[in-house]
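J.: First to last, the sequence lines map onto chains A, B, C and D. Numbering-wise (full-length UniProt numbering), the first sequence opens with residue 1 and increments by one. Numbering-wise (full-length UniProt numbering), the second sequence opens with residue 1 and increments by one. Numbering-wise (full-length UniProt numbering), the third sequence opens with residue 1 and increments by one. Numbering-wise (full-length UniProt numbering), the fourth sequence opens with residue 1 and increments by one.
Think of the hints as simulated: they come from the structure by calculation, not from any bench. It is possible that part of the hints are untrue.
Put simply, identical chains are the same to the list, so a pair is met inside one copy or across any two.
[Stated by the list, open to error] BS3-like mimics (lysine-lysine), calculated; alpha carbons at most 30 Å apart, straight line: (1) Lys-158 <-> Lys-105; (2) Lys-168 <-> Lys-295; (3) Lys-123 <-> Lys-369; (4) Lys-158 <-> Lys-168; (5) Lys-295 <-> Lys-369; (6) Lys-105 <-> Lys-123; (7) Lys-369 <-> Lys-158; (8) Lys-295 <-> Lys-158; (9) Lys-123 <-> Lys-158; (10) Lys-168 <-> Lys-369; (11) Lys-105 <-> Lys-295; (12) Lys-123 <-> Lys-168.
Remember, predicted model here, so these are calculated numbers, not experimental data.
Single-letter residue listing:
Protein chains: 4
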Amino acid sequence: MTLDSITDDFRSARSFTERLVAPLSAEDCLVQSMDDVSPTRWHLAHTTWFFETFVLCEQPGYEAFDPQFNFLFNSYYNTIGAQYPRGQRGLISRPGREQILAYRKHVDQQLLQRLECSQFAAKYRPLIEVGIQHEQQHQELILTDIKHVLSCNPTWPKYQDLPVDTAKQTARDAPITIDEGLYEIGHTGSGFSFDNESPCHRVFLPASSLESRLVTCGEYREFIDAGGYERPEYWLSMGWSAVNQNQWQGPMYWMSVDDQTMQFTLAGLCPLDLDAPVTHVSFFEADAYARWRGKRLPTEFEWEVAASRAPLGNEEPFVDWFVDRDLAIHPTRSPSGFCGSVWQWTASNYLGYPGYQPARGAVGEYSGKFMCDQHVLRGGSVATHSSHIRPTYRNFFPAATRWQFSGIRLAE
Amino acid sequence: MTLDSITDDFRSARSFTERLVAPLSAEDCLVQSMDDVSPTRWHLAHTTWFFETFVLCEQPGYEAFDPQFNFLFNSYYNTIGAQYPRGQRGLISRPGREQILAYRKHVDQQLLQRLECSQFAAKYRPLIEVGIQHEQQHQELILTDIKHVLSCNPTWPKYQDLPVDTAKQTARDAPITIDEGLYEIGHTGSGFSFDNESPCHRVFLPASSLESRLVTCGEYREFIDAGGYERPEYWLSMGWSAVNQNQWQGPMYWMSVDDQTMQFTLAGLCPLDLDAPVTHVSFFEADAYARWRGKRLPTEFEWEVAASRAPLGNEEPFVDWFVDRDLAIHPTRSPSGFCGSVWQWTASNYLGYPGYQPARGAVGEYSGKFMCDQHVLRGGSVATHSSHIRPTYRNFFPAATRWQFSGIRLAE
Amino acid sequence: MTLDSITDDFRSARSFTERLVAPLSAEDCLVQSMDDVSPTRWHLAHTTWFFETFVLCEQPGYEAFDPQFNFLFNSYYNTIGAQYPRGQRGLISRPGREQILAYRKHVDQQLLQRLECSQFAAKYRPLIEVGIQHEQQHQELILTDIKHVLSCNPTWPKYQDLPVDTAKQTARDAPITIDEGLYEIGHTGSGFSFDNESPCHRVFLPASSLESRLVTCGEYREFIDAGGYERPEYWLSMGWSAVNQNQWQGPMYWMSVDDQTMQFTLAGLCPLDLDAPVTHVSFFEADAYARWRGKRLPTEFEWEVAASRAPLGNEEPFVDWFVDRDLAIHPTRSPSGFCGSVWQWTASNYLGYPGYQPARGAVGEYSGKFMCDQHVLRGGSVATHSSHIRPTYRNFFPAATRWQFSGIRLAE
Amino acid sequence: MTLDSITDDFRSARSFTERLVAPLSAEDCLVQSMDDVSPTRWHLAHTTWFFETFVLCEQPGYEAFDPQFNFLFNSYYNTIGAQYPRGQRGLISRPGREQILAYRKHVDQQLLQRLECSQFAAKYRPLIEVGIQHEQQHQELILTDIKHVLSCNPTWPKYQDLPVDTAKQTARDAPITIDEGLYEIGHTGSGFSFDNESPCHRVFLPASSLESRLVTCGEYREFIDAGGYERPEYWLSMGWSAVNQNQWQGPMYWMSVDDQTMQFTLAGLCPLDLDAPVTHVSFFEADAYARWRGKRLPTEFEWEVAASRAPLGNEEPFVDWFVDRDLAIHPTRSPSGFCGSVWQWTASNYLGYPGYQPARGAVGEYSGKFMCDQHVLRGGSVATHSSHIRPTYRNFFPAATRWQFSGIRLAE
């Protein structure tokens, strides 16, 4: 990445965030509908706080835009200081959205001005790259979080009133087979990667095969119709508890209206599309579905080996593809390769690769401390920016998580 | 009340509500900081829904402004239909505040237009009077709720940046004494009253005396300094549990900043005024304080007898007095009579008077169903409109409630 | 009461307790099935601790049986010291029941030996009387608590395998009418009473009438059959919440087995007796039932006035009546007067009478600190000893309480 | 295993269980001190139920000892039927311990009688072997559960009043090193193993080394003294939450008495032995300790490779070693090999080995459904029977678990 491109990438990531929030009112941006969700305005401020704290505050003479923001918009960096309680982010009506947008503008100007100095740009490029990737992660959360927020409103408001892509799921190709053997896993090369993708290391894999296509809503409904949610034998013990405690009867956002199955989407309430990839299922549901089919979920290593043979195309269903075409952001098709459309639950727990060490200091809190009882997802979704994803990218969530665009690819 | 005056009173109550919310942003109006609190916007809509549902929807040809509002803005009227869960009112960002203000305008116009017909006015006057009183109750909640909302923000924002009244607490006059005997309790006469103030009935009272003045912050601090919050012998058993579970160390909104006792007010963080009436204490604290002083709280009957001898003046600290003078809404003085400044906890439980029967239908859900484990408060506060209060008025809250402007008058 | 009689009463109360626990195994005596319930063994030890702490420990030279018991078996006397957490009483398997019975024997011997000295007897008679009454209250709890314990066991074990009284509910006599006027309320005379029955004072009552009979299971089932548990209009708001949260569909211990309504009793599972008084209903249910019938609950003052005209007979259904006859302890008949069979919920909150002051010191924690959000019951039940009850006796429980033998008498 | 030996092993396992419960009273055997703990009597009955349900009930003519036991003593086998709620096992006082011991005797007799038929023995040997292993797992739980039960009693009762082994921790030998390469993992050979130890498969390991000794209490206390429990940088994010929510300040059962660090053991309260292996630490604490030392926990694969080189001796600290010597069951020494003394947390999540498939039917519920968010422990503890353990044995618990005898071996 050249020094010019870091400036361009910064501008581009920051303005894409603002494009995503454009359809929302100041009030929409304030709501926190559950602990996992943050208000849109918090994402707007927190991503800005990241650049201010880790880059600008290091510069002599820089004065914080507002010293109270360090407490309000720090997420979980204990090294930086105390944090406002996560579950109460929706209670903070001031600063208002206008002031937060002014904060963004201020930090952008201060950073862009300093980036004109090539010495500064060279020194801070790595941190700014992390900040851009971080911004892109929050772009995804802005979409998944606002979808949850709007779904709590019984008037089913739309994030944006746009048409849904009418593409049909492609036909099922032959499965991708992997031979028994030693494989290299993890990131290599010069592009950006997070620390959890390293060190690159060898893993011994037994022979396996992965489906070429994602599981569809229609296929998943067969599981429901077969009594899948009432039969404990398909479920992990914790999954069965989750089904009963939460009274799950199908994927999140599915509901029955006048005997028709509807799905809440970012374009409002739509009839269920049986050919589209199933999404908003938990790891428990993905695992139970696979067991019912007599299959299993791939490990993240199998997934990575298979994905590295299927390079990204130009028509992959990532968020920028939808935004460029003025289409509703909603998974309607399987990707042509392994990436895009919905995150794919794997059978792997989120653990450090052999030899993994978190960086020192606050940035070291980014990944390592979350390596416990989370499950790896791969591939990106309709809410992920295409420049953010790669075959070695590891996403992770607890097993009961459903508000992300998460789906299923089978293996055996 | 003449028919003209019902129109004037309606206009005046509705516009006073809007005056109270003028200092708030759309975002301020959305926050629900705890279950007891409702968002300002919900109050704006719910009071409007009351007039629409109970008056306009009865009129042939009237079409609801938005049929979904009946679900969104019904509070607790089971007779009318199901209700959106109370604790989630802060999740509803749409309709936005602008649309809610349009809803108010629409209902006002429709009602005022119909009030020009004297037959309509005569028929609906009683219900519209209830609606006005209901609006005034929500005016009070708008203020107490937004105070709680803003107090959750560590930047201590002000509801309105206005000066605090500098009046000093009046000197302590002789106590008001009541002789043993039979007294009439409850509302008589032609003015408006709620059904819980009736039937008027006789109560036998032993001799007693009530303080002429409210307990001050300075007096209450003596209780704290004497270890009041650490000594179970002053507390009801449930009160002692509340102290320990909630880690109470003083009234709500008191805090220590750099060794100075500060108080969060609608005008932001202020030093504690030792001469002002103490407020934001629970029934438990009022009761413990009284026991520590070797006194007790008056019963609501004693209070009413004493109050009926001390008529309301023109300088009583009610909300309109503060608004008219551009002063911060905050209790700084005892009233000259028994009413105003802070609600006064009594020793009485909230029960129906002998022979009390709730009205039939939805309006009957107004009072009667809440007559359980609540404690009567009397006298109104700085958040109450002067036209809303009278000596027979009964307010009621659970014993642990602190977010209302609630204080203490002693008896023995 | 003569000095002889205090010794006799002490012996008699202590041995009656042991008679009540005779049918239980050591394991039965250990279980705590919910926070409100204490293990039988805890009752055995705590009543003993009461005599030891308040009488014996005051005597020079007396050494505590085991110093650790003061922490283990103090209930709620903060003045005496810290207490083992109430909800964990079922976790303490040691001292075992044998050791606790030895503790009882030791304290009994020590006390009886000292009671031979008439000076001691004269001085401590008042405290020992309180201790006997306290023992009798725990006798009642032993029965209500073990009933709850055994009801958690899906094998429906019997406390004791005895026949159920076959008496039929007496015919309904004319109601008892009370004229409007001033009445004396509270205890007078020389017999024992608790401090909450004093001071005797005057209350002005409107005219009223009380049913001569308790509400029966058959009458109560009409309320259920009429959809009483599905219609919010009959319920207090808190009651309606309790119905829904706890999924109440009828009185506690009623259940449907093979389409027959059964009732769990101290003699195991029995078919519901439609003529017997309904019991194990909460205040909420009593209040809703009365409203559905177009009646109301009596105030405790009305109840006391009516009861003072109906003296106790020899055939009242109190616990000693059942024990003497080897009958299962279970309400099958209305009392001939106002007392016995089931506690009767009144419309009154539990508050101190005018001028009430708790005693100084630990004994002062007996009543006063519980005067908040509890509801008065009158009359005693099949679990109460006949020597323990009188018309002025005030029992009290929170409105949702159902595990006591609590029933309904209507008024209007 | 010969047919004779299955009979011997059955007898021996069953009688060892009864030897373990001999020091306990019927009351001790009833207590359930938290959800994770089961009453001793439940273990006695459930292990018996296992043999009855899976073996005897399959035999023509066999009648269940008591048909209600199937509901009471089924743990989690949905295939078999509904289960009494786990958290309420301590509420069931009947059947009493005597009756449960009679149940054991009955089932033992019935099974032993049938085992005399060699055809029966041959057919059911595999299931009976599972039952014996299952019995041994519950032997361990009997000890860990009663330890927790007794620890809730502020009188610190002893499980058994026996001397504590005075052995000193052996000197630290050279670490065990593992070369990079492919290794076979999982069970082979003819002895018993659980299904989760199969299939045997190859794993590629980087070079590593494991400590020859367990971490001691003294070493662990250095971590505490260095502020380990107050510094988030050593902890996983979930671990840091656990520390704060549970207010952990050291291992379970450590407490400060008069400035001395004491440890609650099965022999009562003892001074902390600095040379003994640390135990009753969670995965979170093991992980944080390792990070503070600049080391890490071994993976279960590294552990297994190292352990397979260090065969079990005759002096390993397993439960039978302590029982045979009349010593208190308490870890005082590191094992000479890798197994014994305390379970060792590994860095591995509990997942199925490649190709793992649970068996069909109820026995298939034994392992597979628990493979989610649990962490593997290896090596057995002072509560494990020596005949139960082997290097491929996988134990597993959630990361916050502390009531097992769980400790730490470091790797790098």
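J.: All the hints need checking, so say for each whether the structure fits it.
T.: Evaluated hints:
1. Lys-158 <-> Lys-105: both (28 Å within a copy, 26 Å between copies)
2. Lys-168 <-> Lys-295: within (25 Å within a copy, 52 Å between copies)
3. Lys-123 <-> Lys-369: This pair counts as within: shortest intra-copy Cα distance 27 Å, inter-copy 50 Å.
4. Lys-158 <-> Lys-168: Within one copy, since 23 Å is at most 30 Å while 55 Å is not.
5. Lys-295 <-> Lys-369: Classified as between: cross-chain Cα gap 16 Å, same-chain 32 Å, threshold 30 Å.
6. Lys-105 <-> Lys-123: within (23 Å within a copy, 58 Å between copies)
7. Lys-369 <-> Lys-158: So Lys-369 and Lys-158 fail the 30 Å test inside a copy (36 Å) and across (38 Å) alike.
8. Lys-295 <-> Lys-158: So Lys-295 and Lys-158 fail the 30 Å test inside a copy (37 Å) and across (51 Å) alike.
9. Lys-123 <-> Lys-158: Classified as neither; 43 Å inside a copy, 42 Å across copies.
10. Lys-168 <-> Lys-369: The answer is neither: 41 Å in one copy and 36 Å across copies each exceed 30 Å.
11. Lys-105 <-> Lys-295: neither (51 Å within a copy, 44 Å between copies)
12. Lys-123 <-> Lys-168: Answer is neither; intra-copy 47 Å and inter-copy 55 Å both fail.
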